[in-house]
Structure formats: C-alpha cells, structure tokens
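Enquirer: Please put together the full structure from these sequences, using the hints given.
Protein sequence lines, in the order shown, are assigned to chains A and B. Position one of the first sequence corresponds to residue 1 (this note's numbering), numbered consecutively onward. Position one of the second sequence corresponds to residue 1 (this note's numbering), numbered consecutively onward.
Each hint should be verified, as a subset may be incorrect.
[To be verified] What follows is a set of in silico ranges between Cβ atoms, one per label pair, in the way DEER data are often shown:
#1 A:C321 - B:R75: 30 to 40 Å
#2 B:N333 - A:G355: 53 to 63 Å
#3 A:K46 - B:N282: 32 to 42 Å
#4 A:D90 - B:N282: 27 to 37 Å
I should point out that these hints are in silico values taken from the structure, not numbers from a laboratory. Glycine included, every Cβ here is placed at the ideal spot set by N, Cα and C.
Each chain, letter by letter, is given below.
Protein chains: 2
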Amino acid sequence: MKKLTGTTLILTGIIVVMAVLLVAMLFFLRNQPTAKRGVDPIVQVKQMEADSAVWGQNFPNQYTTLMQTETNATRTTYGGSVPFEKTEEDPMLLTIFAGNAFSTGYGEDRGHMNALEDVRNTPRLSDKTPGTCYSCKSSDNPKLWAEMGMAAYDATPFKELSSKIEHPIGCANCHEAGTMRLIVTNPALDEALKKQGKDWQTFTRQEMRTVVCANCHVEYYFTKEGAYLTFPWEKGTTVESIESYYTEIGFSDFEHKLSGASMIKMQHPDYELYTANSTHYNAGVACADCHMPYTRDGAVKFSNHNVQSPLVNPAAACGACHTDVDYVVGRVNIIQKSVYDTMMNTEKALVAAIGAIEQAAATAGVDEAKLAEARSLHRAAQLRWDFIAAENSMGFHNSQEALRILAAATDMARQAELAALQAAGGATASK
Amino acid sequence: MKKLTGTTLILTGIIVVMAVLLVAMLFFLRNQPTAKRGVDPIVQVKQMEADSAVWGQNFPNQYTTLMQTETNATRTTYGGSVPFEKTEEDPMLLTIFAGNAFSTGYGEDRGHMNALEDVRNTPRLSDKTPGTCYSCKSSDNPKLWAEMGMAAYDATPFKELSSKIEHPIGCANCHEAGTMRLIVTNPALDEALKKQGKDWQTFTRQEMRTVVCANCHVEYYFTKEGAYLTFPWEKGTTVESIESYYTEIGFSDFEHKLSGASMIKMQHPDYELYTANSTHYNAGVACADCHMPYTRDGAVKFSNHNVQSPLVNPAAACGACHTDVDYVVGRVNIIQKSVYDTMMNTEKALVAAIGAIEQAAATAGVDEAKLAEARSLHRAAQLRWDFIAAENSMGFHNSQEALRILAAATDMARQAELAALQAAGGATASK
Numbered sequence: 001m002k003k004l005t006g007t008t009l010i011l012t013g014i015i016v017v018m019a020v021l022l023v024a025m026l027f028f029l030r031n032q033p034t035a036k037r038g039v040d041p042i043v044q045v046k047q048m049e050a051d052s053a054v055w056g057q058n059f060p061n062q063y064t065t066l067m068q069t070e071t072n073a074t075r076t077t078y079g080g081s082v083p084f085e086k087t088e089e090d091p092m093l094l095t096i097f098a099g100n101a102f103s104t105g106y107g108e109d110r111g112h113m114n115a116l117e118d119v120r121n122t123p124r125l126s127d128k129t130p131g132t133c134y135s136c137k138s139s140d141n142p143k144l145w146a147e148m149g150m151a152a153y154d155a156t157p158f159k160e161l162s163s164k165i166e167h168p169i170g171c172a173n174c175h176e177a178g179t180m181r182l183i184v185t186n187p188a189l190d191e192a193l194k195k196q197g198k199d200w201q202t203f204t205r206q207e208m209r210t211v212v213c214a215n216c217h218v219e220y221y222f223t224k225e226g227a228y229l230t231f232p233w234e235k236g237t238t239v240e241s242i243e244s245y246y247t248e249i250g251f252s253d254f255e256h257k258l259s260g261a262s263m264i265k266m267q268h269p270d271y272e273l274y275t276a277n278s279t280h281y282n283a284g285v286a287c288a289d290c291h292m293p294y295t296r297d298g299a300v301k302f303s304n305h306n307v308q309s310p311l312v313n314p315a316a317a318c319g320a321c322h323t324d325v326d327y328v329v330g331r332v333n334i335i336q337k338s339v340y341d342t343m344m345n346t347e348k349a350l351v352a353a354i355g356a357i358e359q360a361a362a363t364a365g366v367d368e369a370k371l372a373e374a375r376s377l378h379r380a381a382q383l384r385w386d387f388i389a390a391e392n393s394m395g396f397h398n399s400q401e402a403l404r405i406l407a408a409a410t411d412m413a414r415q416a417e418l419a420a421l422q423a424a425g426g427a428t429a430s431k
Numbered sequence: 001m002k003k004l005t006g007t008t009l010i011l012t013g014i015i016v017v018m019a020v021l022l023v024a025m026l027f028f029l030r031n032q033p034t035a036k037r038g039v040d041p042i043v044q045v046k047q048m049e050a051d052s053a054v055w056g057q058n059f060p061n062q063y064t065t066l067m068q069t070e071t072n073a074t075r076t077t078y079g080g081s082v083p084f085e086k087t088e089e090d091p092m093l094l095t096i097f098a099g100n101a102f103s104t105g106y107g108e109d110r111g112h113m114n115a116l117e118d119v120r121n122t123p124r125l126s127d128k129t130p131g132t133c134y135s136c137k138s139s140d141n142p143k144l145w146a147e148m149g150m151a152a153y154d155a156t157p158f159k160e161l162s163s164k165i166e167h168p169i170g171c172a173n174c175h176e177a178g179t180m181r182l183i184v185t186n187p188a189l190d191e192a193l194k195k196q197g198k199d200w201q202t203f204t205r206q207e208m209r210t211v212v213c214a215n216c217h218v219e220y221y222f223t224k225e226g227a228y229l230t231f232p233w234e235k236g237t238t239v240e241s242i243e244s245y246y247t248e249i250g251f252s253d254f255e256h257k258l259s260g261a262s263m264i265k266m267q268h269p270d271y272e273l274y275t276a277n278s279t280h281y282n283a284g285v286a287c288a289d290c291h292m293p294y295t296r297d298g299a300v301k302f303s304n305h306n307v308q309s310p311l312v313n314p315a316a317a318c319g320a321c322h323t324d325v326d327y328v329v330g331r332v333n334i335i336q337k338s339v340y341d342t343m344m345n346t347e348k349a350l351v352a353a354i355g356a357i358e359q360a361a362a363t364a365g366v367d368e369a370k371l372a373e374a375r376s377l378h379r380a381a382q383l384r385w386d387f388i389a390a391e392n393s394m395g396f397h398n399s400q401e402a403l404r405i406l407a408a409a410t411d412m413a414r415q416a417e418l419a420a421l422q423a424a425g426g427a428t429a430s431k
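Expert: Written out as structure tokens, the structure reads:
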C-alpha cells in the first residue's frame, strides 16, 4: 500500500476515466444509424404491390399527381383526356372500320386512373374478349403475371379475370419496390425486346423513361391461339417492318365488311413512331420529359405523374428545354394541322377505295386477280393510315415520319381504288 | 514709352503668346478629319455599279468569297453546285416535262458567278427567249432597269439584250452603294410585295436578309404580252394561293405533250416554301444566316458571300445556333430522305396519270368531261409536286409543308389516273 504514491494515484485515475470514455464512445457509435442516401421509407412496400396508395405513403407527390389523372379532363385540339366519341366527330371512321369493333365505339381515352373503369365499359367488350385486354389497365398485373404466367392470364376470359383485378394503372406497372428503379413489367415487352436482341436491364435510366411507356403505348396483337399478347417487332418497329412481319405470319385482325380485305387494326404505336428517328428521340428526350415534366414542391423536385398532353402545361413540358414556349406551341399547332389535313385526305381516299372494291366485288365477271390486288392495297393503305391515326400525337411525336407514312397511305388507297375499277372493267382501257 | 513698365511688358507678352496658340489651335482643329463611323472607303462606288470588282476594293472579304462561287463545285446528296443533268439521274422527268423545255435539259445550277455563262449555254434557249431570262443573272440589271424600265427590258429579245449584259450576279443586285444597305432591286419583287400591301422599305435588316434572296429565288411567270416578269403572289405565297391566282387569270406555261393538260412550270420557290411557317423562318432565321454564315477574318466579321448549301460547311452554317452539329446534319439527312422517298412516289403517280390520260384521249367515245377533269387534276398534282421538286432544299426549308404538299400531289395524280380510266370506259363500273 505504501507504494501508492500521489503520482500513481493520479495516473490511475486518468486511465480509469479514459477507459470509461472509450466504452461510452463505442456504445454511442454502435447505436448511431448507418449512413445512407435519402430518407427512410415510412412503410416497406412489397414487390409488385398492386395498391398505389401503399407506395403513396412514401411518395406523396408522385401519388397525388397520379391520382389527378382521374379528373384531369382537358380537351386539346385533336385529343386530350375528355372521352368524346371519335366516330361522331369523324363519320368516315364508320366506313373505314366496318367489320371491326372500333366501328361500334371509338372513344377518346381518359387518364391512367380511369383505365380500369373505361375498359370495363367499352362497347367493344364481348363474352369472347380475352383477359389479355386487362394487360394495360391494372397495377394488379405484375403480381398476376408472376403468379399465373402470362399465357394463363391471357387465356382466361376477360370477365372471369375481373375478380382478380382491382386497381387501375399504378406504381407497380413501372417501378420496382424498394429501389424504385424503372422496370419492364409487361412480359410481352420483355419478349419483344429480346427478339430484337435487346436487354432492357442494360438500358440507362433516361432510356427507361421512354421504354416503360412501351409496356402499353405500342402496336400489339393477340395470337389466334390463347390470345397471347405479342408485339410485332421481330423485324423492327417501323410501319414497314411491322407490315412485313404480319404478312409473313399471315396475320389479320379482321375482315373488312365492305371491301372484304384482310385488315390490321393498329393500336396506339406511340413508342414505335416516336423512336423512328424523331427529332426529340434522337436528341435524347424521353417520353417522361414532356408527359411527366419535373415539378417542384418546395425544395423537392419530382416527376409529375399526372400524365397528360404536354399542351396542357407547355411551360413545364416544353419550357425545361425551350426558352420561347409560345413559339414552340405555335410549331406544334402548325405540325398537327399539316398532319390532320393530310390524314383527312387519306381517309377520303380510303373511303373511295372501299366503295370501289365493294362495287367491283358485286360486278359479274370481275377480274378476281385484280380484285385481290385492290384488297391487298386497301390493307396496306389502311394499316399505314391507322399507324398515324391510332397514335396519340396527331403526328407531333415524329412529324416527317407521320407525313411520309400518310402520303404513302393515300397513294396506296388511290391505287386500291384504281385496281378495283380495273377489276370491274376499266382494265381493258388501262392496259 | 515711359509707361511700358516691366509688368506691362510681361502681360503683353502673355497675350501675344495666347493669341498665337489660339490661332494655331483653330488651324489644327479645322484640319482635323470629322468624326464618323467606320473607315473611309478606298473608292467611291457609283449607285448600281455593275462591276463587283469596284465594290470589292472596299469590301475585299465579301468580294473574295463572292468570287469563290465560280469554283465552289460541291455535290451534296440531292443538289449542290455541280452541274449534273437531272433528267439523266431521274428519267421520269422526261415524261413529266414532255412538251416543256425542261425535258430538253434540266441541269443542276452552279454558283452565282456562273449564272451568266450558264444561262447563255442552257439548251432551253431559243430565238424566242425574251430578255426577261436575264433578270436573275446579272449585276448589270439594276442600272438597265433604271435606264430602260423593266417593260422595255423584258420586251427585248434575249440575244439582243446580250450586248448590254457583261457581269454575272454581283453586289449591285442586293446592295445600295454608299450605305451598303440591303435593297430590293428587281422591280417584279417590289411590285409583288406592293400588291400584298407590303413595303420593303419598312423591313428590318434581318428581314431583308431573307427578302433580297426573293429577288430571284421565287416562283415567277412572264406575261403572254411582253414577257413581263411577274410574281404570282397577289393572293399569297402558299402553293394553293399561287394555284388559285393562276387559275383566276387563266394562265398556263405549256400544254403537256402527252396528257394535253394546261400546265404550270414552277421555278425554284425557295422563298415561298421557306416563309410558309417553316420552323427556321418562324424563329427569325434569315436565308443569309445559313447560306452566308458569319465568318471571321482576324478581327473582322463578315457574311460569307460564297453562297452555297449549308451542308458544305455545317459547322459555320448550323453551328452558330446549334451546339450539336452532327445531330443537326443527321436531322437534315432524315428529313431530306423522307421528302425524297415521298417525291419519288409522287413522280410515279404523275407518270401513271400521264399514261392513263394519254390512253384515254386516244380511246374512241371517250367521256370528254371526265377527260377534262383528269387533265385538270394532272395540272393541280404536277404544280404541287413541282413546287417542291423545283425548290432547292429537298424539302428541308420547310419539311412539314413539303410533305403535306407532296401527299396532296400524289393524291391528285392518282385521282387524275382514276378519272382518265373512268373517261375511257371504267366510268360505268364506278358510278
């Protein structure tokens, strides 16, 4: 005990204090949250969660704006999200779609949140409608595809599948829970890209901001067996490549009631037209840049999920890149009017061709080979016209391509009319 | 003398020195050059001086580059300044222009400095050619128009006028000597603008950098009496306005040798197409911005007077506004290919129409009213096609307008073919 001098006592005291401090620090550090990007999610969202309201707790701005697609009804000059009946505004469509369900009702569509209600109320629905028609209408799909497989999903009748489908288009259609990265959820798109040798997993985020729209905004068809959803992209995505694919597999959507031609009904090929060397696509602009422009809420920047026509808010949609928004909107109007005027001429030519073929077919001693040529030209003309007519931008997505295609369609429609005339007897005069 | 004290002497001396200084300063100031903008011209150029070499002493950069138009032979994909024969590359033109001098020779034109030599060597020249054909070929014109009046100038036979015409296109065609401001020198342009209620004297300099090109790069015609140079702009400058004007005055350039239709031959309506709501024109871009881009020579900036295709030097022509020149040139190629492909389809339709009309006309008992309708459609189709074909940009000056017009032209050409078929006997089948 004698050896415990004052100095030793002081040194020991210091050591004890240091040890206590060290232990305290270790304890403190152990209980610190680990460093990470962003903020903690409020809820953990399950993969393929169908209910967007669950995701919405973590992403209120995105969710709130998605909800706005239910009521964002705005009519633009040629489209928008107000459900007008196209065949009433343009009765030529009744002749052009004779024999197809679109002649019984061709409503302009509403925003994403109404997709489910609208598909259930379309007059084109029948007992034969396959479940495939739900493919682009619900955020329940990714989970159902994973559980059932797309083949079984598509083979289920529409009305039978209805009980499993509760939610309209939502977060799960484009996002992976957790990482929130953009993903291809529609197996048909994944397969179509693979057939072209493309793997979307290697795409950049900016590319995905276009590609996820191709989950739905594309031309597609159902196979005759099993109504399997398929994109006709094996030879490429231009209208000529798609036509060539359909010809090769001998496909048609319907027989034209008046002309008797085997027809293709094109479905909104927005992605195909946009990516065919359009000025915006080639400049690296994504669908989302214009249709879901970045918006500020205080200090937060987010993609506006109230997806709609950029013409509804050009200051946000165009203004991010273009300084003179008035000039730009003026350009859109000029381009769309050129396309609209040209498209109306194409429709007149189609109606004339259909009438001439109908009449030739009713003529005794008609030249059957010439008549077949006329029908084949009718098919080629109308699928081109429909590529632009069914597309949702009145040609703005790609104006020079839209006008090129419409010019070819008009040419072919008039040639169909000529061939019909020749089939019915004019042939002798024009040899 | 006594009064001359030392002080007085000193004061007097000061006054004398000041007086001398004042006189010297006045003398100095009087001989100072007056303050002015710019530098003194080396030579005083007379108004309407025909010899560009005289102006060139004051403006060596502009003159040197103007001289380069003599040898700037560059072939672009669809044009350029190499004199190839268009009817050899595209034999459909021989049918389309049957009965018109252009079927005897349709050479691609060379640069401005070759204008005079080329017009004197064109195979389209005949003894009947009026002096009017010199209107766009020489810097002697402004002086001759002032001295003779345009009516007398135009009424003089081409070969007779030749002795008075020495210089190719030059400074005097666009500039006022002294001020060097841009002016309209062609009386036909002045009159055409006035008929539209426009006074070019009120135009801005940037507007004039487009308007002076309209001295020549326009659609025009010669009146049947006196070959008076006239621009058909009274109703406007769109193809439909021009067509309507020609119809109203009952004008035609030639009778088509094969179809018998009364035809309009369009001449390079570059100005009309460009100003019809093209994206560049509406954005305030002038012809000179792309075809005479600003160039630096040391500290001096000048408009390059080696007028040619912007594709020859896109870095200067496009790069002044567009940061990504490769992207922009890619756009030009895409647009021009769309227009070219569409134009080839129009030509095929025209050739088919011409053949069908020719055959119908040779058919006994032809329906004359239907035949007249076919010819009228041939005229309407071909003048539209020619509006784009004769224009010097393969549609790039205004792509959506070019494609709109070509689509309409194809439609009309096929309708002409149909009407001819009906006239020759198909009519009974298609009523």
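Enquirer: It remains to establish, for every hint, whether it holds in the given structure.
Expert: Evaluated hints:
no. : hint                        : verdict
1   : A:C321 - B:R75: 30 to 40 Å  : holds (35 Å)
2   : B:N333 - A:G355: 53 to 63 Å : violated (40 Å)
3   : A:K46 - B:N282: 32 to 42 Å  : violated (52 Å)
4   : A:D90 - B:N282: 27 to 37 Å  : holds (29 Å)
Hint compliance for this structure: hints 2 and 3 are not met, and every other hint is.
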